[in-house]
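Visitor: Letter by letter, the chains look like this.
2 protein chains.
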Amino acid sequence: MRLSALALLLALPVLRADEGMWTFDNPPTRKIQAKYGWAPDRAWLNHVRLSAVRFPEGSGSFVSRDGLVLTNHHVGHHWTQSVSDAQHDYVKNGFMAASREQEIRVPGLVLLTLLEMENVTDRIDQAVPPGADEQAAARARSAALETLAKEQSAKTGLDCQPVSLYQGGQVWIYRYKKHTDVRLVMSPEYGVAQFGRDWDNFSWPRQDLDFSLFRVYEDGRPYVPAHHLAWSSRGIHYGDLTFTVGHPGHTSRLETLAQMEARRDVTNPIRVRSLERGRAALHAFAAKGEEQARLVSDQLMGIENSYKEVVGETDGLRDKVAMARVAMLEKELRAQVEVNPGLKTLAGQSWTRIEEALVQQKAIAGEAFLAGSFRGDLLHTALSLHHYAEEMVKPAEQRSQMYQGEQALAVLRGRLMGERPMDAERESVALQSLMASVLQELGADHPITQSLLRGKSPEAATKELLAASRIADPSVRRAMVEGDPRGILESADPALVLARRLSPRLEEVQKRQQALQSVITENLTRIAKARFAVYGTSTYPDATFTLRLSYGSIETYPLSGTLAQPFTTFAGMYDRAAAWGPEAEAGSWELPARWIERRDKLNLFTPYNFISSNDITGGNSGSPVVDKRGELVGLAFDGNIESNAGRFYFDARMNRCIALDARAIVEALDKVYDAKHLVAELTGK
Amino acid sequence: MRLSALALLLALPVLRADEGMWTFDNPPTRKIQAKYGWAPDRAWLNHVRLSAVRFPEGSGSFVSRDGLVLTNHHVGHHWTQSVSDAQHDYVKNGFMAASREQEIRVPGLVLLTLLEMENVTDRIDQAVPPGADEQAAARARSAALETLAKEQSAKTGLDCQPVSLYQGGQVWIYRYKKHTDVRLVMSPEYGVAQFGRDWDNFSWPRQDLDFSLFRVYEDGRPYVPAHHLAWSSRGIHYGDLTFTVGHPGHTSRLETLAQMEARRDVTNPIRVRSLERGRAALHAFAAKGEEQARLVSDQLMGIENSYKEVVGETDGLRDKVAMARVAMLEKELRAQVEVNPGLKTLAGQSWTRIEEALVQQKAIAGEAFLAGSFRGDLLHTALSLHHYAEEMVKPAEQRSQMYQGEQALAVLRGRLMGERPMDAERESVALQSLMASVLQELGADHPITQSLLRGKSPEAATKELLAASRIADPSVRRAMVEGDPRGILESADPALVLARRLSPRLEEVQKRQQALQSVITENLTRIAKARFAVYGTSTYPDATFTLRLSYGSIETYPLSGTLAQPFTTFAGMYDRAAAWGPEAEAGSWELPARWIERRDKLNLFTPYNFISSNDITGGNSGSPVVDKRGELVGLAFDGNIESNAGRFYFDARMNRCIALDARAIVEALDKVYDAKHLVAELTGK
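If you're matching them up, the sequences are chains S and W in order. Numbering of the first sequence is given in numbering that gives the first Met the number 0, commencing with residue 0 and proceeding in unit increments. Numbering of the second sequence is given in numbering that gives the first Met the number 0, commencing with residue 0 and proceeding in unit increments.
In short, the hints are calculated from the structure, not lab data. Treat the hints loosely; a few may be bogus.
Which copy is meant is left open, so a pair is good if it fits within one copy or across any two.
Within a straight-line C-alpha distance of at most 30 angstroms, the following computed DSSO-like cross-link-like pairs (lysine-lysine) qualify [unchecked claim]: (1) Lys30 / Lys287; (2) Lys528 / Lys287; (3) Lys149 / Lys600; (4) Lys361 / Lys319; (5) Lys34 / Lys287; (6) Lys91 / Lys343; (7) Lys455 / Lys670; (8) Lys600 / Lys670; (9) Lys393 / Lys600; (10) Lys510 / Lys528; (11) Lys528 / Lys361; (12) Lys91 / Lys600; (13) Lys319 / Lys330; (14) Lys670 / Lys287; (15) Lys30 / Lys462.
Isolated chain S, as found in the complex (with noise of 0.2 angstroms):
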């Protein structure tokens, strides 16, 4: 039927939604079967899980049977820089080892495999002493889990490693088996696997060539794996059934209604101003030439892509139709413990809790997140040499842990001297926008503005501040470092004074919010417990970095008044090359020089990136996108900007995972990178 699809993805309810992070133990076989009529048994699920690999910041898998490791290029870059040099940018001109000699050795990658999962709740549970309080109930429990990891990594020689499901609900020991001797083999250029740098993060459609190509090595011979996954020869369609295997990193699924709402109303929108204001200054100074442009532009990169997170977070949040869905999943689950005795003495008043918590720090978000801001200028110096004057001038032992030993006082020495040149407009435009930050957020005033602005505008009091004051000359800050630290704490320069007044305050804020906050995580924990109690394994955990397994299938959403298209083809990445041309935003759209030679060779319409509706954040980088047959079909690499709110919920209308298909690394292994070897070992042909 003509149109249904747009309609039906937003007027109806989100019914049998693709959600979770699923563990490994606990597959959500019952709800993939009734919607996608097949399900995986216990054999594919220990196919694919082995066929895993743990990246540092994220993931990967065996994709042959001589140990080729498949991750995204974004997971291999630091690695692959890490191997190159000044004649060698693998980064920028990417890498390809013509036979297994040239591979390069990658000095401290470490892979991880899991081979093993055991719950160890009921034993650790038995660990706490009868009659134990809560304090000590955590301890022994902690101290317990730690020996427990200790003697099974001692016993296996594997990697054990204590996991915490649930919020505590679920206490597990994973057993990896760890991969040392890991060799770069193949890496594309940056300007295929980043086309569209980060103008295109997150976007849809995409044309990213995101992936590389490792090699694990035992015993100087290529590794083995007990189980790796096959490359699919049919390729994946509109509507099929997807699964990624992979480590998401971090979410907050579990956060409380008022939590959220929080966050959209104040703490977010005081980011995105002060993203706002950073950004205006730094475009003002930009403005002013060529060398000040150059100065500040990563410092703008990283403005605008932040500025691009949490608008994205915000714009989720604010989504009704989400956030109804969030308000109904709570308020079932507060009906659930009220009707619960011991679940109604657990957790039955943590919500309002966290809410009278939440109104005492929203009325100091301003204050909090500024108190937080006081980083990389003239201030943020100055409040370090008070401190650490503060802290030398008592006796050693009563000194805070920073401060203690002489190794750690050497490198806080060494960091407040540091001969790191401070550019002097840049640090007036620094200041400037930190002064303006708080007359805006906390008004005329607070003692706070008065201290910094005294009744200055902060153009003002920014010129003055910097004209009088000598600290930011390293020679300066050596001989205060170097000699009594009361020195500093009776200083006249005005910016030390100035830390002196504005320290016992931020101080103070500081740890107000700190207070504010144990609240909260007490009460969050509580919630959980709660929660895990109602739903027990019904449900899936918050991302810990361990190994999940999602399930989805290619699927579009509304994009910009149409349907977005669920694939796209090499031609469409040529299509936007063209349309900006090279020099275009300092060539963001730029193709390598490779890939406009070998044009004519590739078969334009192979299938290029995907978007599928397994749920997904970050950590699932590099994870394998398999079929129901347990065939690799894809590579997942980002999320759409849709997503951005996947830390607080998903939501099957519009969030997107977005991969690399199997079928356009085939090819570009083939006509781009004459790499025959490659392909005949993906392949199995």
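Position chain W relative to chain S; hints supplied.
Guide: Quick look at chain W alone, frame taken from chain S:
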């Protein structure tokens, strides 16, 4: 500077926006010069004006010395259909005249060229007798203008039409040359002209070959226009200055802020809810089976498009930045009116008067909307029969205009008796949806709700009414219409009983609504007059489907977390076709066979569609896009979905004109349609 564009687009105030639909007597040359360092002169303006033509519902231009006219496929659609028959579906399959002999005359199609414009404001003012009151003055003006136009038409042989600009601030006579022998030359297949069908309507990036070619004849020979647009051999590039020359149909940019807010908060949400209910009902109906789905597919399509439009418009009216600008401009005008005694007397109270009328309109908005919703169903038929009978029992001279004269009565009777098939199921869906609307918008206690539902559910009330009423049967209606009208007024048919009960109430609501609307209209005219007195021709008049010039440049906008690409290419079309496959959504992205066969002959990276910051609206479809040289570089065919509030304001950050690139037309004619003769004629080679 990397990343600056998005930041500037989002953060900075809209300075020197490319806004306005300017008349040719008053081009904004200083604004264009200031922003682009170049501005058109009188010769340039005359040339493009005399090359432009007006279609009955759109725009076009002469593009060859032999009278070829270029317009959009969707502007030509109706006329192409009108010369098609069962054997020759030129809309679906396209049409190509291989020679001039094969060009098909299109009966009824009249094109206009604007030869001369005369400002007759003073002359018409003189027609007002001294001391005439407002109404008499208006009558005298209107009569004088009509007489003048007729005189001029007779004298010049041209089609002389009165044009009221700036809400009556200026009155003009526009003198058009009429072209009545217009022949179809070339029209591409629907599947490529409207690639993506209604899904992609308003969306960007876009891939539509939305053009067709006609030829004007005179005395049986191709007409040689005094001016035609030369085909650019250079093409257009990112950042280049662009102009559109065409006939924007209607804008309401002088509505007050209060009016826009009333639309945003009250009337548009009512429309949205109504569309949502209608859609849900149709989907439920369509879900019953294939035949049911087929029955309502056209209605669903209509609803989906209305929904897209009204939601887009409402989103636009919710845009804080854009609405702040509307508010600022209104505040500025009100301040100017306040300090000018004459204007204060004229319009000083008008904003308040409109607000007061809006308060009353908002109170009856639901009822007024529903009163206009009794359409196309059993109840509408009953109401029509009832009105007919009410009028017919009066003496002929007392009947309202519609019921005067035998001819009018015959048409009316025919309509009432009409043999139109009433599908019972479809009827039931419509009626039930109406009853649900009444219940939701007016509440259970409202007299209209009580008359309709009599305490029952919409389902039950619908079922009862349909079961008991006989008027769905054409023979029953025929007997009623041909019999004594008193029979209708006394009929016990429950639909007619209902009509008798509802009719007075509905009439009363409509009368009240009209009375309030006339207060608003009167005060809006006063504001417009004040505005013209203050700003004169330093601004542009609202659109009136007369020839206008807009300027702009090829410019990106923020889209889906990144920057919208300024161009697409044929490769992008094939990419999207491959992404969806020919089956998806009833073939929405299926390409005509010829386009699949000829793919490899095309230069796939020919610029295909582009976006520019030109300010256009409905009626501009088919407008030529010309460059500084006055050469044709493109063909405007749509606005992006962000322009859906363009009726109320122009937002330079987001509103974009979507155009077909002239290079794509030539490439398609040459490589796909083998039309080398047309390529030669267009390019003059």
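Visitor: Compare the structure with each hint and give your call.
Guide: Here is how each hint holds up against the structure:
1. Lys30 / Lys287: This pair counts as between: shortest inter-copy Cα distance 25 angstroms, intra-copy 59 angstroms.
2. Lys528 / Lys287: The answer is neither: 56 angstroms in one copy and 45 angstroms across copies each exceed 30 angstroms.
3. Lys149 / Lys600: neither (55 angstroms within a copy, 68 angstroms between copies)
4. Lys361 / Lys319: Cα proximity of lysine 361 and lysine 319: in one copy and across copies (22 angstroms, 24 angstroms).
5. Lys34 / Lys287: between (59 angstroms within a copy, 20 angstroms between copies)
6. Lys91 / Lys343: neither (58 angstroms within a copy, 67 angstroms between copies)
7. Lys455 / Lys670: Close neither inside one copy (65 angstroms) nor across copies (70 angstroms); limit 30 angstroms.
8. Lys600 / Lys670: both (6 angstroms within a copy, 22 angstroms between copies)
9. Lys393 / Lys600: Neither, since 73 angstroms and 83 angstroms both go past 30 angstroms.
10. Lys510 / Lys528: within (27 angstroms within a copy, 63 angstroms between copies)
11. Lys528 / Lys361: within (26 angstroms within a copy, 50 angstroms between copies)
12. Lys91 / Lys600: within (23 angstroms within a copy, 35 angstroms between copies)
13. Lys319 / Lys330: This pair counts as within: shortest intra-copy Cα distance 16 angstroms, inter-copy 33 angstroms.
14. Lys670 / Lys287: neither (46 angstroms within a copy, 50 angstroms between copies)
15. Lys30 / Lys462: Classified as neither; 64 angstroms inside a copy, 38 angstroms across copies.
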